[in-house]
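Enquirer: Produce the entire structure from the sequences given, and follow the hints as far as they go.
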Amino acid sequence: MVKMKVIFEQKVYKNFRRKPEEFSEIAKELRRDVIKSLYLAKSGHSGGSLGTADIFAVLFFGGIMRYNPEAPRWNGRDRFVLSAGHICPILYATLARAGFFPVEELATLRKLGSRLQGHPALDTELPGIETAAGSLGQGISIAVGMALNDKYLDKNDRRVFALTGDGELQEGSTWEAAMCAGNYKLDNLCWIVDNNDCQIDGRVRNVMSIYPLDKKFEAFNFETISIDGHNYSQIISAFDKFIENHNKKIGKPTVIIAQTKMGYPISFMTDNYEWHGIPPNEEQAKLALLELQ
Amino acid sequence: MKNFKLLGKKATRFGFAEALVELGEKNPNIVVLGADVTGSVLTSFFKERFPERFFSIGIAEQNATTIAVGLALSGKIPFFATYSAFSAFRNADQLRISVCYNNANVKIGGGHSGITVGPDGATHQSLEELSFLRTLPNMTVVVPCDYIETKKATIAVTEFTGPAFVRFGRAPTPHFTTEETPFKIGRAEIFRDGRDIAIIACGLMVWEALVAADELYKRKGISAMVINNHTLKPIDVKTIVDAAKSCGAIVTAEEHQVHGGLGGAVAEVLAKNYPVPIEFVGMPDTFGISGEPDELLAKFGMTWKEIYSSALKAIHRKDKNINTNHVYRSVKEIEPIAKELL
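Those sequence lines, one after another, are chains X and Y. 193 is the number that my numbering gives to position 198 of the first sequence; each next residue is one higher, with no gaps. All you need for my numbering is the position in the second sequence, starting with 1, plus 10.
Calculated from the structure, these hints are not laboratory results. All C-beta atoms in this analysis are idealised placements derived from N, C-alpha and C, irrespective of residue type, glycine included. It is possible that some hints are incorrect.
So the derived label-pair ranges between C-beta atoms look like this [said to hold, decoys possible]:
1. Ser300/Y to Val202/X: 57 to 65 Å
2. Asp196/X to Arg59/Y: 45 to 53 Å
3. Asn37/Y to Asp118/X: 21 to 29 Å
4. Val247/Y to Ala66/X: 37 to 45 Å
Expert: And the structure:
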């Protein structure tokens, strides 16, 4: 077998309002980046990184998030907090494709001296990263702190987006964050739950059920939106609804419960929790890239 | 007392609370988070003065710590204070990952610390947190000796960017430093000169060390140096090594477990740079019980008396071969008096 040559396409995407069908090509590119970087890294989390690519594509390239790759610390930017830090390969791919740093750098994931740490880090000063994350449940509380700041101290119109896993919701402190977001009426907070029902040990419902999710969030004073996390029209309208909620100052945080499939759409990975924390080997990477053409 | 006299008794928590209000007046970025016990750790002062910059998070210390990080990453200087058992242990992972790994500008107030929280008993007597905090990269750890110094320390930790912990207590304790007493984060202060033994202390044990030094001189003619080592991290290596060189033996004294706190920090410095005998005064690897602060300090051996006897022990352990490089008095010169007590 010939050793696979890995090339990252020199392509950057702009962030503007797009038609639903325009996202599939972007999401494919992000997924190819995820496969390539994880293959080169020889370790890391494939499942969630692939399963959330459609959400990342809409959020960063559909005119939802406000950011400026030329000025990553721009004061008016919306902030994105990846609470599920282990799926950072998709965040890194997204930031690179948005122009925050060179796409070639995706080849350094998890390697000694890389800015692309195994879980996001602030001290490597990778542009676009807002906080370290990795110990589950903490990023969402940081996002709540940011939203508190923006709503009550700086009184600006910035928004905070945060993505948690579903297994992550077994961490008790995530519900402390939910209680606080509801209590403080953080309508500038958009919490996305990557609800693939998979975690390392199996189905979330079998390891420790977190359901029903919508009723739990409603009880904490959230505006709850349930969507198919692979359907671009539904993703777009969910984010539109959040932005409307924020503009109208409804006095409630928004949660988007996105039903996704771990590893989607790679045939041998889809909805298979065994792909939570492993990278593809050469053969699997080749097959996956073939499916993503 | 040579350089210091007792000015009265006042709980160090007042120093913390008054400093927060002072800081709030000067700096609009100062924000305070509460976890229900604001009337106990006196963040209520700040809350009353600046209600718009105070956030009640409820009894949810993990969340409060990480919310503080979100505020710090938005340019604020958040203080999160509750009992030390909850602001510096319950939230350990949040301190490690979100605060320290991010090098976030979060300031932690550790109130009701040590055995002197008294009748509440072992669950609330935080005697271990310094060992944990000291191992966290980026963290600054300050244990001020009295009310005025707590005020100075609380203000001083806002003068740099990065995580910091300030420890204070509930019970009134000796108040003896003044506005003029020098204080700088990371610099241990020599509160009394001496050449036979150096007592390195933090928190309320600094006063006990001064008393012990007086007694050592009065009763035995022993000249004891007293160092107020308020900053456990970053530790003042030079002052500690110089003290070991000039005195040849050390006693550490702290209101904390004998393992991992100030004693551990001093031992690390000396083992590496200039090993001399060290005796440790502190909580003897056990949990506390209910009681009044003074009763508990006496029961578990955290008074000037234990410092006094530990000083004699340490002197007795000094190198018996006269080393001409040492400037301190050899054991032969002071052995007779030391032996008398052992």
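Enquirer: Each of the hints needs a verdict: does it hold here or not?
Expert: So, going through the hints one by one against the coordinates:
Against the hinted window of 57 to 65 Å, the Cβ-Cβ separation of Ser300/Y and Val202/X comes to about 41 Å, which falls outside the hint. Evaluation of the 45 to 53 Å hint for Asp196/X and Arg59/Y yields a pass: the beta carbon distance comes to about 50 Å. For Asn37/Y and Asp118/X, the hinted distance range of 21 to 29 Å is satisfied, since their beta carbons lie about 26 Å from each other. For Val247/Y and Ala66/X, the Cβ-Cβ distance of about 41 Å falls inside the hinted range of 37 to 45 Å, so the restraint holds.
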